[in-house]
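Visitor: Sequences are here, hints too, so could you generate the full structure?
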Amino acid sequence: MAEFLLPKLGADMSRGRLVEWVKKPGERIARGEVIAVIETDKANVEVEAFESGTLEKVLVEPGDEWLPVGTPLAVIGAAGAEAPAPSAGEKPARKPEAAVPAAAKPAPEAPRVPAVPPPKPKPPSKAPPPHAPAVPAPRAAEGTRLPASPVARRRAAELGVDLATLRGTGPDGRIVLADVESVAGAAVAKRPAGRPAPAAPLTAAEKAQEKRARMREAIAAAMARSKREIPHYYLGTTIDLTRAMAWLASYNAERPVTERMLYGVLLLKAVAAALREYPELNGFWTEGRAQLADSVHLGVAISLRGGGLVAPALHDADKLALPELMRRLQDLVTRARASSLRSSEMTDATVTVTSLGERGVEAVYGVIYPPQLALVGFGKVVTRPWVADGEVAPREVVTATLSADHRASDGHRGALFLDAVDRLLQEPEKL
Amino acid sequence: MAKLTYREAVRAAMREAMAADPRVFLMGEDVGRHGGAFAVSMGLLEEFGPERIRDTPLMESTFVGAGIGAAVGGMRPIVEVMTINFSLLALDQIVNTAAALRHMSGGQFSVPLVVRMASGGGRGLAAQHSHSLEGWFAHVPGIKVATPATVADAKGLLLAALADPDPVLVFEHATLYPLEGEDADDTPMALGRAAVRRAGEDVTLVAYGASVHKALAAAAALAAEEISAEVLDLRTLRPLDVEAIVSSVARTHRAVVVDEMWRTGSFAGEVAATIMEQAFDELDAPVARVASAEVPMPYAKPLEDAALPSAEQIAAAARALF
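If you read the protein sequences in the order shown, they are chains A and B.
All you need for the numbering used here is the position in the first sequence, starting with 1, plus 50.
All you need for the numbering used here is the position in the second sequence, starting with 1, plus 563.
If you're looking for bench data, these hints aren't it; they were derived computationally from the structure.
The model shown is predicted, which means the values in this text are computed figures rather than measured ones.
Among the clues, some could well be false.
Claimed, not checked - Every beta carbon over 12 Å from chain B, so not counted as near; a handful from chain A, in silico:
no., residue
1, Lys73
2, Pro122
3, Leu227
4, Thr287
5, Thr292
6, Gln341
7, Lys480
Unchecked claim - Reference excerpt, derived from the structure (chain A facing chain B, CB under 8 Å, subset only):
no., residue
8, Ser199
9, Pro200
10, Ala202
11, Arg204
12, Gly220
13, Val226
Just so you know, even glycine gets a beta-carbon here, dropped at the ideal spot from N, CA and C.
Guide: Structure below.
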C-alpha cells in the first residue's frame with residue numbers, strides 16, 4: 051500500500067493541477083505506466099507509476115485547484131500477482147531535481163521516474179513557493195552534516211526538498227519542519243479545507259496569459275536559483291563541421307525526406323559520447339556535493355510557441371544510434387509542443403544541450419538548470435575562412451560552448467570535454 | 564460534581580474502599596489519633612476504629628513488611644509512609660519482597676498492597692522530607708507507580724490501586740493536598756493511562772504530579788506568545804503510557820519533559836529516551852528536560868524555589884525549541 055503523491059517534476063515546480071486520471075480505481079498498474087496527467091506551470095505531464103499495484107482509491111479529482119507538491123493523490127495497493135514492471139531491475143535511484151522546465155529529479159540510472167518517490171532515497175530538490183522566489187541559502191560545506199531535525203529530514207525526503215538549499219530558522223540554524231514545508235508549499239497541504247476556491251472562470255485568453263505568466267515565474271525561479279547558487283564558468287571553442295556536414299549530406303541524399311537527419315543530432319550524439327569521457331559534467335549537485343549520473347540523459351532545450359521553454363530528456367542518448375536518436379528527438383519536440391511529455395522526461399535530464407543556431411546567433415552561454423552540473427550550447431553553422439594545413443579555406447564551423455558548475459569541475463576538464471566534442475565530430479561516421 | 568480538596572479526595576477514596584471491603588485497612592505513622600502527618604486520615608479513626616486505622620511505630624521496614632504479609636494473607640492494606648524520604652527504610656521490603664514475590668513464587672502469591680506517601684518539595688520541609696524519588700520505584704518491575712496530579716485522580720487512582728492485584732505505590736505530591744477541584748465520577752480509572760490536560764499543537768509538555776500544574780501555567784504563558792503547548796499528565800510512571808506520549812509528540816514534534824527528580828537519572832530521562840526511540844522521526848527539536856537542581860533540597864524558601872522546576876523554566880525550555 052502506497053500513497054501516490056503529487057511528484058515534484060522540476061527544480062521550479064512547487065504545485066500542480068490534476069488534469070486527468072489515466073487509470074481508474076480498481077485498475078492494475080505496472081511500474082512505468084502513465085497513471086495521471088498533471089499540469090505544471092510549464093506543461094502537461096504524463097506521470098508514471100513508481101511501483102506496480104492496483105489503483106485502489108483516488109483521493110483527488112481532476113480540477114482547477116493548484117495542489118502543493120507532495121499532496122497525496124491516490125492510494126496504490128500491493129502488486130499481488132503482478133507482472134514485473136517494464137523497467138524492473140532498475141532501482142529507483144536518488145533523484146535529484148532536474149534542471150529544465152518543469153522537470154527535475156532525474157534518476158541517474160533509472161530510465162523511468164517514479165511518480166511516487168521511493169521512501170528511502172532522499173530526493174533532494176527545492177521548490178520555490180508559488181509566489182515567492184526561493185530564499186537563497188548557503189549550502190553546507192562538503193562532508194558536514196546539515197543540522198536538521200529528524201522530522202524535517204523525513205518531510206524533506208517525502209517532498210523532495212534538498213536540505214542543502216534551505217536556511218534553517220531553528221535554534222543554532224537548525225533546519226526545522228516549518229523551513230521544509232514553507233519551501234515546498236506543503237504548509238498549505240496540511241489544511242486543504244482552508245484553500246480558497248478559484249474565483250470566476252477565466253476566458254481562454256486570460257487562461258493562456260495566466261499560463262504564460264506561470265511558466266515565466268517557474269523559469270525565473272530556476273534561473274535565479276542557478277545564478278545564485280552555481281558558480282558558472284564558461285568556455286567556448288569553434289569546431290570545424292565541414293566533414294560532419296559533408297557526411298550528413300551524403301547520408302541524407304540516400305534517404306527519403308522522412309528519414310533524413312538534422313545536423314543537430316550529430317551534435318547531440320557527440321556531446322553524449324564526450325560526457326562519457328568527462329562524467330564530472332553529467333549529473334547533479336545535491337546535498338553539498340556532485341552526484342554523478344551513470345546514464346547520459348540529454349535535456350534538450352525546446353522553445354515553445356506560446357513562449358518559454360522546456361528541456362525534456364532524451365534518455366541514454368550516448369547509447370542510441372543516430373537514426374534512433376533522430377526519431378526520438380522529433381517525437382520529443384512534437385510532444386513538448388503538444389504539452390504531452392511524460393514525467394520521466396521532465397525529471398531525468400542529467401545535462402542540458404541548447405542550440406540557438408536556427409535563431410541566427412553564433413554562440414550561446416547558457417545558464418545551468420539546477421541541479422545539473424553543465425549546459426552545452428551551440429550556435430549556428432556558418433562558413434568562415436579557416437586555416438587548415440597552412441592554407442586559408444572556407445569551412446563550415448560552429449561555436450560550441452560549455453557552462454559548467456565550478457564546484458564540480460574545473461576549466462581544464464571542461465576544455466578537454468569541448469575538445470572531445472570536436473574530435474568526435476571529425477569522425478561523424480563513427481558516431 | 565462536588566468540589567473538594569486533594570487531601571479530602573484521598574480520604575474519600577479510603578473511606579469508600581473501607582466501607583465497601585472489610586479487607587481494606589490503613590496503617591502508618593500517626594495515621595490514627597493524629598489524623599496523618601498531612602491530615603489525610605483525619606476522622607477515619609473515629610469512623611472505622613483502631614482495628615482498621617492503625618498507628619504504627621516509627622519503623623518503615625517493619626510496617627511496610629507487615630503490609631506485605633497482610634496482603635499475602637488476604638487483606639487489602641493501605642500503608643501510609645509519611646514522606647518519600649522515609650520510604651527508603653522500606654526499600655528492601657518494597658523492592659526485594661513486594662515487587663518480586665509473585666515472580667519468585669511462580670504466581671502462587673500476589674501482593675495486593677497499596678503504599679501511599681507524600682513526595683516532592685515546595686513546602687519548606689527541607690532535605691529530610693522533600694525529595695522526589697518516585698522514578699526509583701518506577702524502575703522496578705513488579706510494582707506500579709501512580710502520581711495523581713488532580714483531585715479526581717487522587718481519588719480515582721487510589722481506588723484503581725486498591726483494585727489492582729499487585730503492589731501499587733501512590734505518590735501524593737505534598738503541595739497538592741490543599742488543591743481544590745472536582746471530585747471523580749464513578750467511572751473506575753485504569754492505571755497506565757496518561758491524560759491530556761491541555762491540548763496544544765506546537766510542543767508537548769510532559770509532566771506528572773505537581774509539575775503538571777507548573778506545566779499548565781507555562782502553557783498559559785506560552786499561549787500569550789502564540790506557542791500552543793499541550794500538557795500531558797502521565798498519571799502513572801509504571802505502567803507508562805508510551806502511546807499517549809508518542810502520539811502527542813507526533814502531533815507537536817517537540818517535547819519538554821518536566822520532572823521534580825534530580826536531572827541525572829531522572830524519570831524525565833526515561834521519557835526522553837522513549838520519545839527518541841519511538842518518535843525520532845517526528846522530532847523537530849531535541850527533547851528538553853526540566854528537572855530539579857542537583858542539590859539536597861534547601862530549607863530556605865528562595866533556595867527551595869530556585870531548586871525546583873518552575874513554570875518560567877518550563878516555558879523557557881519550550882521557547883528554546885523554536
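Visitor: Does Lys73 of chain A sit more than 12 Å from chain B, CB to CB?
Guide: holds (31 Å)
Visitor: Just checking, Leu227 of chain A versus chain B, shortest CB gap more than 12 Å?
Guide: Leu227 of chain A not clear of chain B: closest Cβ-Cβ about 5 Å, inside 12 Å.
Visitor: Was the hint right that Ala202 of chain A lines chain B, CB cutoff 8 Å?
Guide: holds (6 Å)
Visitor: Close enough to count: is the Cβ of Val226 of chain A nearer than 8 Å to one in chain B?
Guide: holds (5 Å)
Visitor: Can we keep the Ser199 of chain A interface hint, with Cβ of chain B closer than 8 Å?
Guide: holds (4 Å)
Visitor: For Thr287 of chain A, is the shortest CB-to-CB distance to chain B above 12 Å, so the non-interface label stands?
Guide: Holds: least Cβ distance 50 Å, greater than 12 Å.
Visitor: Just to be careful: measuring from the Cβ of Pro200 of chain A to every Cβ in chain B, is the smallest value less than 8 Å?
Guide: holds (5 Å)
Visitor: Far enough from chain B: is every CB of that chain over 12 Å from the CB of Thr292 of chain A?
Guide: holds (61 Å)
Visitor: Is it correct that the beta-carbon of Lys480 of chain A has no partner in chain B closer than or equal to 12 Å?
Guide: At about 52 Å from chain B, Lys480 of chain A clears the 12 Å cut-off, so the statement holds.
Visitor: Is the hint on Arg204 of chain A kept, meaning its closest Cβ partner in chain B is under 8 Å away?
Guide: holds (5 Å)
Visitor: Please confirm whether Gln341 of chain A is truly not at the interface, meaning its C-beta sits more than 12 Å away from all C-beta atoms of chain B.
Guide: Per Cβ check, Gln341 of chain A is outside 12 Å of chain B; nearest 24 Å; holds.
Visitor: Non-interface claim for Pro122 of chain A: all C-beta distances to chain B beyond 12 Å?
Guide: Non-interface label stands for Pro122 of chain A: nearest chain B Cβ at 18 Å, farther than 12 Å.
Checked against the numbered hints above, the structure breaks only hint 3 and satisfies the rest.
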